[in-house]
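Number of protein chains: 2
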Amino acid sequence: MSNPQFTFRQTTFTHPSLILTRRTTICRTTLHTQLAQLRANGQYDCFKLKWHPIFDDNSRWPAPLHLFWDSDVGKWIEGACYFLADTYDAEIDFAVRDLVEMIRSAQHDDGYINVHFSVVEPGKRWTNIRDMHEMYNAGHLIEAALAHRAYYKNDRLMDPLNRYITHIRARFGPDAGQLRAYPGHPEIELALLRVYSATGNRDAYDLARFFLGERGNPAGQAGQHFYDWEAEQRDEPRWKRPNSWPMDRSFWYCQAHAPILEQETVEGHAVRAMYLLTAAADLLNLSNEIKPSAAEAAVALAKADEWLAALRRLWSNMVHRKMYLTGGVGAVAQWEGFGIDYFLPQGPDEGGGYAETCASVGVMMLAERLLHADPVLNGEYGDVMELCLYNNVMTAMSADGKAFTYENQLASCDTARSEREDWFVCACCPPNVTRLFGSLGGYLWDYGALGEEGGVYVNVHLYTSAEVKFAACGREVRFEQKSNWPWEGRVEFRIKGAEGLDATVRLRIPAWAKGQYELMPSPRPGECTFDTGYIHLGPTYIAEHPSFSLDVHGFEPRFVAPHPYTNQRTLSLARGPVVYCVEDADNEWEENHFRDIGIKAGERVEDVWRDDRIRGEKYVALKTRGWQRSPEVLQGGGDGVGRELVFVPFYFRSNRGGKGQMRVGLRDDGR
Amino acid sequence: MSNPQFTFRQTTFTHPSLILTRRTTICRTTLHTQLAQLRANGQYDCFKLKWHPIFDDNSRWPAPLHLFWDSDVGKWIEGACYFLADTYDAEIDFAVRDLVEMIRSAQHDDGYINVHFSVVEPGKRWTNIRDMHEMYNAGHLIEAALAHRAYYKNDRLMDPLNRYITHIRARFGPDAGQLRAYPGHPEIELALLRVYSATGNRDAYDLARFFLGERGNPAGQAGQHFYDWEAEQRDEPRWKRPNSWPMDRSFWYCQAHAPILEQETVEGHAVRAMYLLTAAADLLNLSNEIKPSAAEAAVALAKADEWLAALRRLWSNMVHRKMYLTGGVGAVAQWEGFGIDYFLPQGPDEGGGYAETCASVGVMMLAERLLHADPVLNGEYGDVMELCLYNNVMTAMSADGKAFTYENQLASCDTARSEREDWFVCACCPPNVTRLFGSLGGYLWDYGALGEEGGVYVNVHLYTSAEVKFAACGREVRFEQKSNWPWEGRVEFRIKGAEGLDATVRLRIPAWAKGQYELMPSPRPGECTFDTGYIHLGPTYIAEHPSFSLDVHGFEPRFVAPHPYTNQRTLSLARGPVVYCVEDADNEWEENHFRDIGIKAGERVEDVWRDDRIRGEKYVALKTRGWQRSPEVLQGGGDGVGRELVFVPFYFRSNRGGKGQMRVGLRDDGR
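Going down the list, the sequences are from chains A and B.
Quick note on numbering: the first sequence equals residues 0 to 670 in numbering that gives the first Met the number 0.
Quick note on numbering: the second sequence equals residues 0 to 670 in numbering that gives the first Met the number 0.
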């Protein structure tokens, strides 16, 4: 099983590429400002296990403010190692090494590593696996160790984490004397499966598989749901519940209301759901990869078909009923998670609009895994991955790389303006953006040797300018793409080193292109087929045209209406994979968060190329005509005031000052 | 201060009257079936203070299932006494007398009356005033006692309740040694003010005024919010909270997040809010009534202008931003209460649609009180009162008087069909409908002597066929109205016994009439003025025309669109005060709860008179053309299937079997 976190090293981005622009900013700026934040806020030194004033804060229960610090450090290390692989930076290198030594020094003799339970509540390890994030933190440290190992080619961080895995494996599992627990916040499962994949550590695999299979067991521990049993041990009545639980026993908050295979809809905290399903997809990927000759029968997944069905079912429920136009998921702030089907308010003043950054990073992880785990190469996975990338994920960081969003509402209001922050008390999102962009090369494509007769394949999921080198059939194959995506649909490809090999190339045609594209040179009948979102170019075509180009249509601006069952009277603009918004920075007359602005689907929309020198950004803005009508004017049937509206990409919002007024879906005024 | 609960006796309904039809059903059927339910479920005998198996049920915290039993009995007695005043019924009479003796026997020597704390937790009286409904139950018993006293002309029930009031007054208040508590569920406040008004009991007034003024005090008890202090006494952490509280310290749930005068928006449990504001309006009413000569200076309300401002502010927030088209309020099921502004989903599958029956009964109470408390006679109060009556309240009982709704969603879904139940575990709504209809005569109008020069006035708020007799200036004045409201707009009036007196008559012109009406005979210039929703007919006109008629326009069917900020793409039909819905009983082809049906505002709508002999109902149904289009057809721009749609009054839903599919707001397909 190869994940983007391993394979990204084989890809190099080239110009022009919006992804490369962001990667350069992160490498030059973000890694350093995030490091400065870690130093300023206490995380950097936390593994020294000294007391910090924040440890006295009891304002939040059950998870105190510093409970995620281990993971903050882990995620930063992971992102740093990905970028070091691209560009050496002495300050970053030093900090990684320093942090690794501190983590090593914080390990207990029995392998345990956790700041809170070492310093603040040393006697209470593993007494609240539902809420206290020990396994979540462990998971991120493990992912850091894998990134560290890949870059530094040593086990200074992997060693202690392997010992920690052994510690956990001994305590949790199906055997006598073990607790049948599973983490309240999934994460360790996917980390463990990556450890197994990279190092063959069977403890890691067994533990992940146990966690995934045991989750939601109504009678796992002493005939009780583990979280009920555990709460009883803590002497907590069922009524005492975290603020994120609307009701007692809201186990759906952490996807533990039923075994995964029995879950009909995607529920609860969106990040947890995405990390969990990513791990489930990895479990399936590992099972799929078993060769007849392999001795790895242990990773054959019982009920593999049911795991595939569950993943498809939950994916489909999310994508078709619970996802914003921007790729955001998790509409409800209270549990940072999924609401009921079609419940997608644009912002807090409409009753939702959370759409956490980490959740869409998680959607991208899941989508990428499903491109492998699902035997059908389904363009929807790639479409959604791209949607998240250019919208809900990219909007989470400012163009200068210094400010972030946690929530990504589609409309501002007075109590939630469209603004970014330098950092957060719970700082999960900023380093998640960092590590996603660090490993993004691995999301572009997959490739390798094909079959037993000496063929190679490249499946291209994301378009940009980049090159990948990989070994296949004893050769080094190089595959290049060059384009001005996401602004223009023309992509030029070149394959080298595959001469004489049967080469198959599959190219995703986004759903918004409505099947409209051109290949140059044109394939002869039979040389190109189209199926479930991908065109398949066979060996004959590739052999004849090692350089060829694709022109994807659909880059004219389009009006997008929400699903009828959302019952929303809104209309948005999109162009290619990019979703647009209006901001007061361009529309300075706006005073009411664009609540009173309507647009019409038939109206002309004009492309305007912009080169924002201050922000170093080139993008296509859109212009169309709208109508400003107050409720009174509207109900009276009046025409209101005509307005020339300027739209910018949603990801570009909140980069140019202004009043923080923004909206994606405007009132639909019909045709 | 006179409330409808006192004045209704002066009004007699005549035919034709939809209200009279319902009253007859309740009198003949509902009182008996509800009595049978009380007998079958344990409430009837609960004041015998014997153990009942349900007392063993610990499944609900903090309020066990039987906690409301005292109020169930109280509300039934209250409703029964109202109807006995109209029609004697030996079985009902016997049951009231029997229940009263049982209540008397259940009183402790110190005056305390409460089933739960007498039988189940005798040591825990007054330890959880936030959740345990002692005062709520007391309030309903007090209202029962007032109704009983008015009908039976004795104090068999009033006496023990007066002793209970003395008991409560001794424990709670601002003095040393008293607790600065106030009930989690308001109700006792309005009951106490009615006691004061009927009997002059100053303890009752002082207690109500203290409760209303103290509510939401952030530092009332030992420098703490009372509910924080009280929870500490119970050794409960702030995290342990009822299921209705989305967050810890959700004091807004019971309107205790801030003092009433400082509350900017109407929040929390809708019934609690309505009962509370009704009491606040009564406090203001009592203050307004002080005559210069009266010795009642103690009921002069400090900051009366601020109380009026708060009542207007909270009313306006509710009516303009948080009320359904049907007069339902409280969109959110979890706390049975108000959501954010403009958050009005039609049903559970859209994320809300609770609209509890009791809440709209409460809106009617509040509206009626505000017609007196507000120095401006504002037609909006009357409009909303009527809206609730003919829609969210009337829909809560079946035409046969035997089945009820608790929640009144505007659209059904598979998990919440449009159906009624015989009874509820928490049986607040059915007897609330009973007592509302029992006292409904008091809501129609107010009247009396006017000024010091021997004049009389009648303000007519609701139209139907009825007659009122009242004493004024030493005479008996009779005022009649006759109409086929709510189907036809013509109302004939006659005043008798006012000869020689200056008589002023004010008639509400509903907002949906858009100011269109005719008086016959036509008034001369200056004889009729129109202001804030009422026409004012002066003494000259009335003296000349003791019989006159009003013809209110606006009974043609109209399309109603929601406020633009609800962002909903729906359209509904209404006619006069009646809001319509589609049901599968008329539209038998429907299989998807009318989610796929659109209507157009320009389309022709036809009135169809129906005489439903089985249900004994005459009403106007509506017919128009709609378009059935699935999401796929709609997104593809297809025409779909044309459908002849039949609409019936929302109040008439779920009377004729069917599949329980119903919807008020259909997809708006434009013009």
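The hints are simulated quantities; they were obtained by calculation from the structure and are not laboratory data.
Nothing here was measured: the structure is a model prediction, and the numbers come from that model.
Any given hint could be a false lead.
Since the list can't tell identical chains apart, any single copy or any two copies may satisfy a pair.
Quick list of in silico lysine to aspartate or glutamate cross-link-like pairs, EDC-like style, CA-CA up to 20 angstroms [as the list claims (entries may be wrong)]:
#1 Lys599 x Glu261
#2 Lys513 x Glu631
#3 Lys622 x Glu543
#4 Lys599 x Asp668
#5 Lys239 x Glu406
#6 Lys468 x Asp88
#7 Lys239 x Asp227
#8 Lys599 x Glu498
#9 Lys49 x Asp304
#10 Lys239 x Asp88
#11 Lys599 x Glu475
Consistency of the hints with the structure:
1. Lys599 x Glu261: neither (43 angstroms within a copy, 42 angstroms between copies)
2. Lys513 x Glu631: Cα proximity of Lys513 and Glu631: across copies only (15 angstroms, versus 40 angstroms in one copy).
3. Lys622 x Glu543: neither (43 angstroms within a copy, 67 angstroms between copies)
4. Lys599 x Asp668: both (5 angstroms within a copy, 14 angstroms between copies)
5. Lys239 x Glu406: neither (27 angstroms within a copy, 28 angstroms between copies)
6. Lys468 x Asp88: Result: close neither inside a copy nor across copies, 24 angstroms intra and 94 angstroms inter.
7. Lys239 x Asp227: This pair counts as both: shortest intra-copy Cα distance 12 angstroms, inter-copy 16 angstroms.
8. Lys599 x Glu498: neither (53 angstroms within a copy, 63 angstroms between copies)
9. Lys49 x Asp304: neither (49 angstroms within a copy, 58 angstroms between copies)
10. Lys239 x Asp88: neither (48 angstroms within a copy, 50 angstroms between copies)
11. Lys599 x Glu475: neither (53 angstroms within a copy, 64 angstroms between copies)
The structure shown violates the earlier hints numbered 1, 3, 5, 6, 8, 9, 10, 11.
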